[in-house]
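Enquirer: Spelled out, the chains give:
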Amino acid sequence: MKRTIFIIALILICAPLMPQDSVTFINALGEKETATYGDAVTIFIYVANKTPRGFSQDVGVLRDAGISSGMEYTADRPLRRGIVARMVARHMNLKGSLMYMIFGTERYAYTACVEGGVMDPNGSEWDVLSGEELIEVISRMTNVLGGDQ
Amino acid sequence: MKDMMALLIMAGFIFVSYLPLSAEIKVLSVKGSVAYKSAQKWEPLKVMMRLNPGTKVSTGVASSAVIQIDKHTITIDPMTMIKIYEHKEMVKRAADKEAGSGTMTKLGLKRGSISAKIFRDKRVKTEFQVASPVATSSVRGTWEKNSYGPSKGHVVIVKEGLVQGENKNGSSKYLQPGMVFHQQPGNSDPEPLLADIREKGITSVFVKDTTTDEKNSRGLSSEEFVDNSESPDEFLDSKINSNVSLFIIW
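Heads up: the protein sequence lines correspond to chains A and B, in order.
Residue numbering for the first sequence is 1 to 149, as defined by the numbering used here.
Residue numbering for the second sequence is 150 to 399, as defined by the numbering used here.
Read the hints as simulated data drawn from the structure, not as lab findings.
Bear in mind that the values here come from a model prediction, so they are computed numbers and not experimental data.
Mixed in with the good hints, there may be bad ones.
Think about it this way: if two alpha-carbon atoms lie no more than 27 angstroms apart in a straight line, the pair counts; the simulated DSS-like pairs of lysine-lysine are [to be verified]:
#1 A:K95 to B:K301
#2 A:K32 to B:K190
#3 B:K232 to A:K32
#4 B:K259 to A:K32
#5 A:K32 to B:K180
#6 B:K186 to A:K50
#7 B:K180 to A:K50
#8 B:K195 to A:K50
#9 B:K317 to B:K301
Interface residues of chain A toward chain B, partial, derived using beta-carbon atoms under 8 angstroms [to be verified]:
#10 S22
#11 V23
#12 I26
#13 N27
#14 G30
#15 I43
#16 Y46
#17 N49
#18 D120
#19 S130
#20 E133
#21 I135
#22 E136
#23 I138
#24 S139
#25 T142
With beta-carbon atoms standing in for the labels, derived distance ranges [as the list claims (entries may be wrong)]:
#26 B:R199 to A:G96: 44 to 50 angstroms
#27 B:P299 to A:S69: 25 to 31 angstroms
#28 B:K317 to A:T105: 35 to 41 angstroms
#29 A:D120 to B:L311: 26 to 32 angstroms
#30 B:P341 to A:G146: 23 to 29 angstroms
Where is the CB? At the ideal position from N, CA and C, for every residue including glycine.
Kindly generate the complete structure, drawing on both the sequences and the hints.
Expert: Structure (structure tokens):
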């Protein structure tokens with residue numbers, strides 16, 4: 001009896017630490033007024049069809065994939081359009097902007113994303129994204145990669 | 150007493166004949182991580198589950214669901230949240246020829262995209278609306294795709310039939326297959342219906358005697374021609390006779 005209670009208690013304590021499924025994460029992200037770099041890392045892990053294991057490990061996975069290399073941001077850093085544009089451009093291997101191919105900066109990554117149909121031109125790489133805006137960018141990215149209109 | 154009973158039965162019959170019947174909302178398929186919320190808590194969505202009006206459905210990354218609302222089929226794409234506001238079926242009263250039978254379905258699209266294949270019976274009035282924070286599409290035809298995002302706005306792509314797109318200011322457009330309704334947040338009017346086609350058209354215009362290689366390399370497209378002149382005025386002022394063949398596939 002004591003053992004059963006102990007196991008139940010352990011499950012209840014550990015439940016918040018267990019990995020979320022992607023819909024729970026997306027719903028929570030949609031409520032956020034300001035998305036963070038940590039959110040972008042997590043969503044890219046889901047896009048790669050992997051399970052998030054915590055910020056440090058996830059950044060390592062993305063760094064190995066060439067998506068977050070050279071990005072030394074903390075998890076709670078507010079997400080700028082330029083940061084996510086750079087991640088998207090790397091993930092999609094965008095080549096629509098010569099300047100991006102030469103310099104690879106966030107500014108030109110944003111231009112490449114506009115060329116690639118993932119972002120709209122009426123913004124700036126300095127815009128801080130909300131959770132809904134981050135979801136929209138990732139959704140458009142997966143649509144373009146999947147050949148959807 | 151008998152008169153009273155007869156009156157009550159008649160009143161009951163009239164009430165029932167006008168009563169909207171809640172038709173079936175059924176989950177046909179689920180892929181990946183999909184949840185629904187009918188009260189306070191999100192629960193996993195499962196195949197063959199029955200849903201009620203007022204339910205929200207949300208899909209995760211690389212996840213989708215297909216639900217059937219009466220005879221309409223709705224495909225919910227990844228990272229989408231919808232709310233089934235209402236679905237009711239009005240039954241025609243035999244004694245009153247003016248009262249028509251039909252179905253009314255209203256969905257809210259908070260984010261993402263859905264494809265809707267609408268069942269249409271000519272004898273039945275079918276209303277199917279998808280509302281986003283900036284616009285509403287009303288289907289009179291059979292097949293459309295709706296998407297909404299805070300930057301892009303509400304986009305409706307018509308695949309079959311006729312659709313009416315209307316923004317919050319009441320500015321509306323009727324769309325036929327191939328047309329795209331696009332209402333951006335903050336704009337008072339929707340984008341021109343043929344903007345998408347026009348952009349594609351301009352880059353496909355070539356001057357006469359253009360070789361296939363040149364066409365393929367787009368070396369002499371109209372844009373290049375304008376750009377290569379010394380000034381736009383010089384190009385626009387010059388009078389040149391030209392033959393134009395126009396093929397409109399509609």
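Enquirer: Would you mind marking each hint as holding or not holding in the structure?
Expert: Structure-based check of all given hints:
1. A:K95 to B:K301: holds (22 angstroms)
2. A:K32 to B:K190: holds (18 angstroms)
3. B:K232 to A:K32: holds (19 angstroms)
4. B:K259 to A:K32: holds (14 angstroms)
5. A:K32 to B:K180: holds (26 angstroms)
6. B:K186 to A:K50: Given that 27 angstroms is the threshold and the Cα spacing comes to 25 angstroms, the pair holds.
7. B:K180 to A:K50: holds (16 angstroms)
8. B:K195 to A:K50: With a Cα-Cα distance of about 22 angstroms, the restraint between B:K195 and A:K50 holds, given a limit of 27 angstroms.
9. B:K317 to B:K301: Holds. B:K317 to B:K301 sits at ~16 angstroms (cutoff 27 angstroms).
10. S22: Given a least distance of 3 angstroms, the restraint on A:S22 holds.
11. V23: holds (4 angstroms)
12. I26: Holds, because the Cβ-Cβ distance from A:I26 to chain B comes to roughly 5 angstroms (cut-off 8 angstroms).
13. N27: holds (5 angstroms)
14. G30: holds (6 angstroms)
15. I43: holds (7 angstroms)
16. Y46: With a minimum Cβ separation of about 4 angstroms from chain B (threshold 8 angstroms), the hint on A:Y46 holds.
17. N49: holds (7 angstroms)
18. D120: holds (5 angstroms)
19. S130: holds (7 angstroms)
20. E133: holds (5 angstroms)
21. I135: Nearest chain B Cβ about 5 angstroms off; hint holds.
22. E136: This interface hint holds because 3 angstroms falls under the 8 angstroms limit.
23. I138: Check passed: Cβ of A:I138 comes within 7 angstroms of chain B, closer than 8 angstroms.
24. S139: holds (5 angstroms)
25. T142: holds (6 angstroms)
26. B:R199 to A:G96: 44 to 50 angstroms: holds (47 angstroms)
27. B:P299 to A:S69: 25 to 31 angstroms: 29 angstroms Cβ-Cβ, so the 25 to 31 angstroms window holds.
28. B:K317 to A:T105: 35 to 41 angstroms: Holds, since B:K317 and A:T105 (Cβ atoms, about 38 angstroms apart) stay within the stated range.
29. A:D120 to B:L311: 26 to 32 angstroms: holds (28 angstroms)
30. B:P341 to A:G146: 23 to 29 angstroms: Cβ of B:P341 to Cβ of A:G146: about 27 angstroms, so the range 23 to 29 angstroms holds.
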